[in-house]
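Note that the protein sequences, when read in sequence, are chains A and B. Sequential numbering from 1 applies to the first sequence in the numbering used here. Sequential numbering from 1 applies to the second sequence in the numbering used here.
No lab work stands behind these hints: they were computed from the structure. Where is the CB? At the ideal position from N, CA and C, for every residue including glycine. Take every hint as true, because none was put in to throw you off.
Examples of chain B residues toward chain A, derived with CB under 7 Å:
hint : residue
1    : 122
2    : 322
3    : 325
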Amino acid sequence: MARMRMNQAIAAAIADEMRANPDVVVFGEDVAVAEGPFKTSAGLLAEFGPLRVRDTPIAEMGFMGAAVGAAATGLRPVTEIMFVEFLGVALDQLVTEAAKFNYLSGGTVTVPMVMRASVGAGLGFGCQHSQVMESWMVGSPGLKIVMVSGPHNAYGLTRAAIRDDNPVAVLEPRALYATRGEVTVGVEGIIPLGRAARPASGDDITLVCGGSTVRTCLAASGDADGWTADVIDLQTLQPWDAETVLNSVRRTGRLATVEECPYSGGWGADIVSTVVAEAFGDLQAPPIRLTAPDVHVPFGKELEQRYLPSAEYVATQVGELLATGEAPAHWWERDGALV
Amino acid sequence: MSSEVLARREAVRSDRRARYERMVEIRALEDKVRGLFAEGLVHGTTHTCQGQEAVAVGVAAALRPSDAVCCTYRGHGHAMALGLTPLQVCGEIMGRTVGSIGGVGGSMHLCDMSVGLLPTFAIVGAGVPVAAGAALTAQVRGTDDVAVALFGDGAANIGAFHEGINLAAIWNLPAVFICENNQYGEYSPIATTTPIANIADRAGGYGIPGEVVDGQDADLVFAAVESAAARARSGDGPSLLEMKTYRYAGHSRSDTAPYRPEGEFEEWYQRDPINSFGARLVAEGLLTEGDIDEIAVSTAARVDAAVEECAAAAAPGVASMFENVLV
Ligand SMILES: Cc1ncc(C[n+]2csc(CCOP(=O)(O)OP(=O)(O)O)c2C)c(N)n1
Ligand SMILES: [Mg+2]
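Only chain B is shown next, with the shape it has when bound in the complex (with noise of 0.2 Å):
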């Protein structure tokens, strides 16, 4: 398993083209769960991610599978761009013994040490700090890797991004922090909760670097992580990157987005990070449209099909809920 997962994590360093598979795959597999969902067929809630796969690729991409990332409940995509296999994505999500961390946990709840990816948080906030301390560890063992945080908008408002942010900032740790700025913490727009219109604007509070990035293009994502973490790396500290971007669903499992103004959609839905990341591949020579077109077919086939290798799987027996409580 984890050799296939460090193979899909390289192939999204190496190949824009694998980038531009894997966010259709995160689309397939996101749409396929909130089906399953409104089925009824899996327990609980769930927050997917249409709309932000760019984010998810492009940060992968600019990554080493030695760097760590603390990343949200909102993590299929993460969890997918970083490497996980859709069965190990959907298996958690099911809650079967194929998941990530053999079905316990549910679809907050991901991990996987080999390419970096800490237990997700289902806190929000929380995984700010817990990545300066990631960093710590980079800087006490002297290896050149980086923390990643991934956060809401919604996020930047709470305590413990605050506290993460200056402290990385006073330690001068080898940080990069990324908001996903996808307009609304849970209902409510981002321009109820949140005095200003950038919270990239925030960095100067804390002496960093803080820039702006377009979340919809995979590309700028990378370019922008990319020099972050090389600054991070060199030992010039941490930095803030804002991706503006777009949560296409609802907040969870069981929101419409009824506060959502009409045409508001539309409008994001025009520049499609997967449809404009195509269009451009196609346009530098590297895809065809018909790469295009069977790209959709195989990875959805392939979607489907670890999917219902999750239904027919195994869940967890009741011992599983006593292992792993202490080490």
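In isolation and in its complexed conformation, chain A is listed as follows (with noise of 0.2 Å):
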């Protein structure tokens, strides 16, 4: 065990997997000398050298491009998307390219390619630099997406994105990078892909978080008054681990979502459906999503706090579905909610 900042974490996954195998390389736009903006990349330029770290010019689809040729003649890129808006002018690479290598080859190329990318909201750096922007990739079958939300996945996950043979998008809540926590290093500490975990459980709810929203949920729960939630952090978005969820809410009886995405076209939609299907006669009152408004992400810090679901609002909207036993309104439809 270590006590890391998650970005500490990150850069010692990537430094670890990189002793463990040449073929791990590292590149984007300020990653080597500068060990990234947001020092994802510290010491691997020194420990590893300019031939396998490399700064690259302001050239997100080159960069992209060149992970998926690398990835797909023997090596194991890991590229970085300082916000992950900047991938939506090199998204063909992504998910035109990279995610459908495989099956346009008959199986016999695998793009072993990992894309990070620092999300999400909080830091005031207005709507084109505080998305998430999973919706752009969930959806493209042969991609595999990974939310971190902490220190010690973070790490985890890292490595075993770096290990998996398919590309990988891992997606970085930006809010987070300065948190600390305790991180399992070495193998053991690698946590495969396709399973959520559950940081706190419960039984009068199921609530189903990823990325920044674990800490929200587990902030609410933690406080709640007369009620325990089963959380679930879903850790991969795609494939998402719908054995552990299901096996949840069939034990609550509820599910509530939690997401930092607008409400439409939101990652909750495909829980929720699926659950309605798979476990509709266990469910005592109806699936709800605790989302974002469908607006664009506001600069104000209190409007940026607003906009995102706090751990008050969860609790709010979870109290009122026990009581009620009905959907309880989103917070923008209410009353007043706009004044």
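From these two lone chains plus the hints, build me the complex, please.
Right, dumping it as structure tokens:
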């Protein structure tokens, strides 16, 4: 065990994989000499040298494509997209090239690349630098999507992503880079992809979360009055761990997904539809989704906090669901919410 | 507000003394902004343009308010040169309703269509093809307006730069592509990301004129942009101008520029765009030393007052979040 910040855990995970496998290479904007805008590649250039750790021009499509080509021919590239919005200019390479190579090669080509990106709101970067954008990738078969929620799983999931033979997108909530926690380092610390974690257990409701909303759910359920929650950190969003979620909902009888993204098109809709189809008879209340509204991330500090689903909001909505057995209105639909 | 903005723009277009004063104002506001962030009074990040003021006033002076400008997140100086007031710019940076888009954007997101400033771009390169599109409007409607894209040296390596300029060239669009080569893209010196010394040389690859310009000289910037714009207005197509300039501050809020070689800043500062332009105007008899001192004092007071007014102004309410999402 070691105590580290989440950005340090990520750098440690990459370094451990680079030590274990000379095919692992790292590139992105200012990741080598400057050690990453968020210091997620600290020490890598010094230890592994400029052949394996490279700065790129501001050219996401170019370096993402280079990752695809390198991965298809034997390397295991780890690329960094500084803010996930910049993936917009490189999306083709990830979802239309990398994710389809295995299929289009009759199974003869694998693309073991990792696309790491910082995501999310909370730091006042404005609406073009604060989204999560997992919706750009969910629904792209052939691609795995990971959401880390703290130092511990950032280490374990990053190592697993680098070892995986599929292209893997790893989404890192930017607001969590500085959080500290205990990390199980070494191969024991590797966390298999496709499996959820249960950071808190309880009986009254299943809270399904990922990335930044794990903290939110733990805070809400930790302070809850009169109810306990099974908190399921999905960890891998695609493919997601339906078994763990279904088992939990069958026991609690209630489900809320807690998502940082806007309501429409959010990943929780998949979870809810699967739960309704597979565990309908076990549900004691309608499943609900707690998300941001369908608006741009506002810039101001207070509005940005308002935009994000907070622990208080989770507690309020769950409390109402338990009390009434009915889905409560979203905050933005309530009388007086907009004044 | 809009008449004040247009009057400020007209001053820069018609009077070199106003260009000097505007540069002083830009520097004063940018210094103030860095201070506000350093004191933690503002949320988020900022990208200031100290050292690049001559590019801002030279470009704004050479264009008309009806011309379209696609600018980047490093846009405070350009916005003020185009006519936006310190209140509009600082208000946006501080997230106040007096900001140019009502305080919902922050430092990277300014806009004022009354002087042609489209929403500034926080995605590197994104403004280049958008400027081509704005030039298409002028071409299709038969106006003699032009569209300008402003972008950094780092942006010259992203696909949007190539696609946008090539499209403008092949369609013979009335556009002027202006690269502000401030020597760094974030923390990387240009030589580490770009294999040629002059980005203007890339113009040859698109079959359009390319020119390297001393971006520290407001007169030279003005002359180069004016002639490229004239060319575009008369139907002869786009050009690529490269302004050699220097970013005095770090890339963004938290960057202290430790990667900068010793003495580099001092060397550039000897050709400070404000000092040298002021000295020229004094030599020409357009300003006195006393005017220079007076401008420094009155501008600082004006900027301070604007910042104070912003600090006291209201922040947008929750309803603003739901406005202007869909038309
Ligand atoms: C597509 C994209 N990639 C990366 C970034 C992050 N980023 C913001 S500014 C910047 C440096 C840009 O350098 P340059 O074009 O020289 O402009 P300057 O900041 O020097 O004005 C980078 C990498 C971004 N905003 N958009
Ligand atoms: Mg630059």
